[in-house]
Amino acid sequence: MDRNWRVLLIAGVISLCSAQFVFASYSLGDSGDAVKDLQRRLTQAGCLVRADGRFNETTVSAVKKFQKKHNLDVDGVVGPVTYKALTGKTLKSKKHSSARKNKMSPGGIGIDDVSVSWHKPGKLAPRVQAIMEEAKKYVGVPYRFGGMTPSGFDCSGFIHYVFNKKGILLPRAADEQFGRGERVSVNRLEPGDLVFFSTYESGVSHSGLYLGDGYFISATSSCGVAVATMKNGYWHDRYVGAKRVL
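Residues in the sequence shown are numbered consecutively from 0, following numbering that gives the first Met the number 0.
Please note: incorrect hints may appear among the correct ones.
Ranges between beta-carbon positions, derived for each pair [to be verified]:
no.	residue 1	residue 2	range
1	Arg143	Asp174	33 to 41 angstroms
2	Ala33	His69	29 to 37 angstroms
3	Ser30	Thr89	16 to 24 angstroms
4	Gly145	Thr42	33 to 41 angstroms
5	Phe144	Gly202	15 to 23 angstroms
6	Arg49	Lys119	42 to 50 angstroms
Just so you know, these hints were derived from the structure itself, not from any lab.
Each residue gets a CB set at the ideal place from its N, CA and C atoms; glycine is no exception.
Generate coordinates for the entire structure from the input sequences, incorporating the hints supplied.
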């Protein structure tokens, strides 16, 4: 792919995946009574899922099943169209925009904006450059739970595959990947570091590759392999930590 087109594609994916947290929707990592109600409605519609109030991978699968049955766009996200089909109601705006909050949560999850300083990447070491280029090849590859190949990745499967392609063997699971390498603070983040997040359960449940200046690449259920920001919004609020393995 031509470099300019690749840049445009990545920029477009960043915009798309940032927008999903500005416009009203329910997706992987959300929780609460509203999610529990959606889960009950999914079960009533024949898409069985436990009503525990956590929008986890099982809920994503149930939403996709519902969307497929009703000839909707299959993305695993309950946006306005899916919500209307499922509940018969119009989805109201959620307070889940990039300006939602700007400090670390009491549980230690999230980024403390008072002390953070983002840095644009400088010249990269050849090993880091190779990892970055390998990861960006797969922008747009769809999400697949348990996926470890270019036909479909989940988050840790993507990281495992990219590093393995360059001769670096990492564990398969995100929480096990978090156990490797040197822990680094947000202010010391460098391209090639692994970044970790808490999404559908407590503790580490999502991993990605840091690109620099507050951006990272990972495989998500809503966008597949995509670039997203940690500077604000969803990932900002669910950040757990980072490890340096290169």
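Structure-based check of each hint:
1. About 20 angstroms separates the C-beta atoms of arginine 143 and aspartate 174, a value inconsistent with the hinted range of 33 to 41 angstroms.
2. A beta carbon spacing of about 20 angstroms between alanine 33 and histidine 69 contradicts the range 29 to 37 angstroms that was offered as a hint.
3. A C-beta distance of roughly 22 angstroms is found between serine 30 and threonine 89, which places it inside the suggested range of 16 to 24 angstroms.
4. The hinted range of 33 to 41 angstroms is not satisfied by glycine 145 and threonine 42, whose Cβ atoms lie roughly 23 angstroms apart.
5. Restraint check, phenylalanine 144 to glycine 202: a C-beta distance of roughly 18 angstroms satisfies the suggested window 15 to 23 angstroms.
6. Hint check: arginine 49 to lysine 119, Cβ distance near 44 angstroms, so the stated range 42 to 50 angstroms holds.
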